[in-house]
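The lines below spell out each chain.
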Amino acid sequence: MIENGSQSTHAAAMARREASAPAARAVGKALDVTELPSFAFSHRSLMWWGTLGLMAIEGMVFALAIISYFYLRTHADRWPMSTPPPALLWGTLNTIVLVASMLPNHLAKRAAERLDRRGVQLWISVCLGAAVLFLVIRAFEFAHLNCRWDTDAYGSIVWLLLGLHTFHLVTDTWDTGVLLTLFFTGPLEGKRYVDVSENALYWYFVVLSWLPIYAVVYLGPRG
Amino acid sequence: MTASATTPNVPRNAVPPTADDVLALERTWRDPPGWIGWLSAINHKAIGKRFIVAAFGFFVAGGILAALMRLQLARPDSKLIGPDLYNQLFTMHGTTMMFLFAVPVMQAVSVYLVPLMLGTRSVAFPRMNAFAFWIFLFGGLVLYGAFILDIGPDAGWFSYVPLAGPDYSPGKRVDFWAQLITFTELSGLLEAVVLVTTVFKLRAPGMTLNRIPLFVWAMLVTAFMVMFAMPSVMLASTVLITDRLVGTHFYNPAEGGDVLLWQHLFWFFGHPEVYFIFIPGLGFISSIVATFSRRPIFGYSAMVLSLIATAFLAFGLWVHHMFATNLPELGKSFFTAASMMIAIPSAVQIFCWIATLWTGKLNFKTPLLFVLAFFFILVLGGMTGLMLASVPLDLQVHDTYFVVAHLHYVLIGGAVFPLFGAIYYWYPKFTGRLMSERLGRWNFWLFFIGFNVAFFPMHLLGLQGMPRRVYTYGSEMGWSGLNALSSLGALVIAISVLLFVINVFASLRRGERAAADPWGGGTLEWSVASPPPACNFEAIPVVHGRDPMWEPQPEPTHVAGLATTSRELLMTTVLDAVPDSRESFPEPTIWPFVGALATTVLFVGSIFTPWAVVWGSVPVAIALTAWFWPRRHENRAHLALEQQP
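Those protein sequence lines, which keep their order, are chains F and C. Note that our numbering has the first sequence beginning at 19, numbered continuously upward. Note that our numbering has the second sequence beginning at 18, numbered continuously upward.
Read the hints as simulated data drawn from the structure, not as lab findings. Wrong hints could be hidden among the right ones.
When the alpha-carbon atoms are kept at most 35 Å apart in a straight line, the in silico DSBU-like pairs for lysine-lysine are as follows [said to hold, decoys possible]:
#	chain 1	residue 1	chain 2	residue 2
1	C	K378	F	K47
2	C	K189	C	K66
3	C	K96	C	K189
4	F	K209	F	K47
5	F	K47	C	K66
6	C	K66	C	K382
7	C	K66	C	K378
8	C	K66	F	K209
Derived DEER-like restraints, expressed as beta-carbon distance ranges [unchecked claim]:
#	chain 1	residue 1	chain 2	residue 2	range
9	C	A36	F	L153	56 to 66 Å
10	C	V27	F	L237	50 to 60 Å
11	C	A638	F	G77	16 to 26 Å
12	F	L153	C	F393	24 to 34 Å
Here are some chain C residues pointing at chain F (derived, C-beta under 7 Å) [claimed, not checked]:
#	residue
13	A78
14	A141
15	T214
16	K218
17	F245
18	T265
19	A271
20	D275
21	V276
22	V576
Given the structure is predicted, the values throughout are model-derived calculations rather than measurements. Cβ coordinates follow ideal geometry from the N, Cα and C atoms, glycine included.
Next comes chain C alone, as it looks inside the complex (with noise of 0.2 Å):
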């Protein structure tokens, strides 16, 4: 290796940029054509389209699995499911839409967005990006494979044992949901580590902490709590499934095992689980009311500071949802403080989205429209939260619909509404077409008002003492008239969801065309043409404020000198964006594609045999070396660009 000055003869972009810079950049950050090409891609843009996709799949079937359990209790003894298949139909939709819906999307939206807004043209290790996509694609596919064949899991989503244990849940279903476990924890954690570096070092120059958008500050909180609340439900699940396979005790009270390890194990987990699907959500809202009041956002200092805040208390909840177990009281009194206490931090970004639009010009458009709604439900979800989290009444409702009721207040009113705003506003940056308004506000009301059908009349149900779980009733409980009216709300929301499906396909073809910038937004993701092109940012911005495409924009504007015949991008200091180095990034591969195909086969194989995690790990070790091996040609380009340090 020879130490080489700046070499000349490598094309870098200049200030604007000219005409062969933007050609030879598309060609350069292009994904490969062709179905290898495909299966090779790692550009952001591909993999986050592919998550984006993939969770709503999910979400849909998730769905589904639910409307066949309104089904099935819209009237009293109804025979329609029995109870083995019941038992499978809300284990699989409560794993759906947690583990396969509700975490991962918020990270595929993410890994879309996270580089546009930074001012970048790439996440951190796009590989392993891909590779974590992959990852969770196959678990999910395997999840819902076993499901078709009648091994799906039946001991709940969160299946605690010993139900879920080797006496109680003979078979294989418990293990499949022990291993899809597996799979999605390891493609969050992955995801987490890709998104704190990439906001951590590839911000454009002059983003300083203080300037990152919202949504993205937003994102780098959960990043944080994933790294530090999946690891648990990893291990927990791990232990579970060599309690099932290999005969180890730790759940087994008759060996020294305790049951309660795992619901501590879970719920360190599970608590956290609720803010890194509600923080993202906070995120999209941010970004929605500051474009639709047309002003930023009132309070951005206080808003940063209560997500922090948030994720530190997340922390500190989890033995509320263990009221019900014979834990020492005071225990309990110290968890119901902490509980109350995170009312604080959210009603703070509360009380700033208020004076927001209080004193913002408010476009009324169905992402606005969704976030309205967000208020009014999590509201609700909020109060029936702070409720719960008082040790007598919860042991009142515990295991009841009340229970049920909350958590979809929360978790709809909290995320999806936000979520679905999040679709119709960012849906033209994603496809370069607007959705249909139209059939967008249809969407919003039926679901707002399905929604509250469908939910508010389990409160009363919880109250009246129905069980959740059950698969049917008996005409004499008095429980038939709210449960009708129930499954008439969820109908109401299949009917939406589907407005909703039949809008993102149709809008694909006859929306209106967007232009870079349909909304007035103030972040950069909103400066590039709609869809990007494959390098984002034909030169890199430089970042003089908050909100770039409000601000004037002082000299430089953009920066200068990268590679753009080698995919070369700009490292900059983490706090305060100063430009540090340039570094080459990998080009795409097969490989991440292969290696995760290979530790489906470990994760599946492990269930059938433990030798599986031996053998396995051949292929998977094959495959990851395979992919980090650098290649001749692209060792050449990296040469040609080294200056070192």
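For reference, chain F alone in the conformation it holds in the complex (with noise of 0.2 Å):
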């Protein structure tokens, strides 16, 4: 089962497993499931609707924290309320940092969906690369935000935005961490794959969730 790697490949073995997917079969008071898979992938895993829960939860916290933000402008004279907006440079590097490292891991999550162990260490180390990188440029942004938390309501916000999406890059690198751990010192099995696919779809979460808070924090206040 565990293909080579190009594309084409991959879509004729999706292909193959869509064909001849195991079924479970009748026989006589039984319905005998012993030919089905012990592990799926995305919406057939449990892992999947769990990720999606967590997503729409932290969404949905973002967004409410977005709204608050308008809620807050809209009741202010000046917006930033007494201190310049925060520097464009940091936030921008950073959100093409955070859109490319969209690559490596859609690579990682192809590589876990053909079973591939080493395509996986690979990817998933390129993508600890990238957080590493992102981590880092995060306490740039935060340095050049030029408002403190306690400045005014504005700071406040900004703070609590920004703050917010760090504490999932944080997150979603520890666990990146160890996934690849346990990819280099086992042990190993179906399940795995599927918890780095999920990972991914988790980081694609992380990373397109900051493109609105993006807009938010570095253009709301030059609007």
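Taking the hints as your guide, dock the two standalone chains into a single complex.
Have a look at this one:
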């Protein structure tokens, strides 16, 4: 079952898999499920639904924080209230790094779905490198916000938005590090490839939820 | 890792299961022995039972606080309890009943029942389920620890700023309140994810979405509501605590903050919260009404659609808690209309139950009595709800006992009565014995009469202008008689709850033994022994209709081929419940308990220093990683069953 990794054979393998998907067989009183696979990707796995649930919850938190930002903005005469807007450089640079990290993330997901251990090791390592990079840049972002959390309500909400997103970066980096270690040390089983695939899904969420937050934090005070 | 074909040497169950299968399944699915085993338990029935007991423990504690308040208010100018303690009493009472009882107890009951109703052996993510229980328990204990040390919160259960802000509530009291919210909402959110995933992926083959028991539908809808509503209060309380501890200005008007932001965020959660207390109650009612009318529920699809409609509408009502603020009048009219609209799906359900009862053969047992009382009380609460939904009337009675009466009619009538009925109904499943019917009737009638005597006079007191949350009142106000009557009612409720507690404990030993299906119920939980074996079903059933116990069983009847010596479960597709894969479930472990302890240290530590968020996260990360890290023997067992997709 382990494919050699090129795109076309992957697609072919997917098609074969669909065609010969094992099913439960009814034998008299019994519905025999012995032939069913012991793990599956995407919406067939529990982990996908669990991750989706967390994404819904955290997406809601981000949405509410953004709504609070504009709520406070409509009540203010000046925005930012007393400070210059945050410097664009680091935030923009980080946006580029985050968006770029979707590529190795995608490749890690694909490697996991072909059960390619070496591919997973390689691409998760690249992801982890990207994670360290954006965490470092994030530190510069905080340093160049041009306000403190206790300056005024503007400062508070900006720090909240950036802090919430950073919290996700940190936890996702940790998760990725743990998975990477496991893929070097073992013990492995099929389910762990599902974990990599769902971790990649979560990574997409963390990156894509950054885009509206970037727009709010960096462009909101300029509009 | 090798691509193994189906390994023949792993024992798998036959249909019907052999004696060896049954023994092996019991060994595989039971929780480990000893006190470390007790702390490591992840079986949904063990966690569910503890969760229910803990939530009822908080219910009794919150009830005692209420009794103390009624004692104080029984006479005018009473000197029994001072204003400071009284503030803590009503805050603790409201907080306990809302956050430590009403919401969690519904999730607790469903943690126990949902897998049994769906025909499976576990909830999805059983370790996370255990973690959520411990987080809930520790959060509640921290709150009561603070209360005993005289640092109990005192700014009301909805902790409005600026009263709850750093200027008007110095000290740690409100911080403990805010962190309790973090504990309970974390627990509630995790439970919501557990429930949604369980319902979507772990149903027995053939249990298509339109065959799910209505109780499970109610819990599914509730879980979705929790996922979109609870984040709001978690965010609100987190920024409240940062306002109080690190000097942010979210709610500080002097620095551009806004106090109404709190009210919006709180009630965006708070109004849906009423419905995630109420909707599970509707689920209980649907189960009880069907069984005690001895017929399938009338209008299944209408019931499901009403539940979903209620859930959507519930998110458009929050501003009706804020009619006394300076919001635009047009906006208020919108929320009035939305509040009226929710009467439609509620009425559809009530008519469906009436139709079911009307055409059924009624079996008047205690659970049904509690449901019938629901109709009476909830209709009254709903009527005052319609009154409060109109802005001019709301302004007149805002912050008076009229509101107290309304919310207790809705919440006790809508949720607590059905819940008591549900406990009488499912107690034999939980314990293997029936509760005493005679004590049950005493419990019911005292509760029903006591409730109305305690809360009906509050409508009148509110109309006479008695404000809520006052620790005493002068005799010249003319409120003495009704208050004394109300306190008498509270005493009757207390006696009835005492009878309930006695009934629960006495029936554990002396109750009549219950067979698998003592009431003649139609859903799958009644197909297994009372109490159920560790694995729930010795063979997973195949479902052919909405009420599997009341319908003929064509072949195939059960699932064969799941491992008996390893925790293997069948996953099915979301819509049609077609068998899709077999997945290995994790074994019991102490790490969720340790993780919850570490999280508690972090949350409590952060009340005293923001740096606790940094150093406190290290043990949390270690615990969660150890929890995830696969163990060799489990891995070997899983590999033996592995079949690649």
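Taking the hints in turn, this is what the structure says about them:
1. Using a Cα cut-off of 35 Å, the hinted pair K378 of chain C and K47 of chain F holds, with the two alpha carbons roughly 33 Å apart.
2. This hinted pair checks out: K189 of chain C and K66 of chain C have alpha carbons roughly 33 Å apart, not beyond 35 Å.
3. At most 35 Å may separate the alpha-carbon atoms for a hinted pair to count; K96 of chain C and K189 of chain C meet this at roughly 27 Å.
4. The suggested pairing of K209 of chain F with K47 of chain F holds, with an alpha-carbon distance near 31 Å, which does not exceed 35 Å.
5. About 34 Å separates the Cα atoms of K47 of chain F and K66 of chain C, which keeps this hinted pair within 35 Å; it holds.
6. Between K66 of chain C and K382 of chain C, the direct Cα distance comes to roughly 23 Å. Compliance with the 35 Å bound is thereby established for this hinted pair.
7. Using a Cα cut-off of 35 Å, the hinted pair K66 of chain C and K378 of chain C holds, with the two alpha carbons roughly 32 Å apart.
8. For the given pair, K66 of chain C sits about 30 Å from K209 of chain F by alpha-carbon distance, which is consistent with the 35 Å threshold.
9. In this structure the hint that A36 of chain C and L153 of chain F lie 56 to 66 Å apart at CB holds, the actual value being about 57 Å.
10. The hint said 50 to 60 Å for the Cβ distance between V27 of chain C and L237 of chain F, and at roughly 58 Å that hint holds.
11. Look at A638 of chain C against G77 of chain F: about 23 Å separates their beta carbons, and that is inside 16 to 26 Å.
12. Distance hint check for L153 of chain F and F393 of chain C: the Cβ-Cβ separation is about 60 Å, which falls outside the suggested range of 24 to 34 Å.
13. The interface hint given for A78 of chain C is violated, since its Cβ lies 29 Å from the closest Cβ of chain F, which is over the 7 Å cut-off.
14. Interface hint at A141 of chain C: satisfied, since its Cβ lies 5 Å from the closest Cβ of chain F, which is below the 7 Å cut-off.
15. Nearest Cβ of chain F to the Cβ of T214 of chain C: about 4 Å, under the 7 Å cut. The hint holds.
16. With a least beta-carbon distance of about 6 Å to chain F, the hint placing K218 of chain C at the interface is held under the 7 Å criterion.
17. With 7 Å as the threshold, the beta carbon of F245 of chain C comes within range of chain F, its nearest partner Cβ sitting at about 5 Å, so the hint holds.
18. Taking 7 Å as the C-beta cut-off, the interface hint given for T265 of chain C holds, the closest approach to chain F being about 4 Å.
19. At about 9 Å, the closest approach between the beta carbon of A271 of chain C and any beta carbon in chain F exceeds 7 Å, and the interface hint on this residue is violated.
20. Interface restraint check: D275 of chain C against chain F, minimum CB-CB distance 5 Å, threshold 7 Å, status holds.
21. Checking V276 of chain C against chain F by beta carbon gives a least distance of about 11 Å; that is not within 7 Å, so the hint is violated.
22. Proximity of V576 of chain C to chain F holds as hinted, the smallest CB-CB distance being about 5 Å (cut-off 7 Å).
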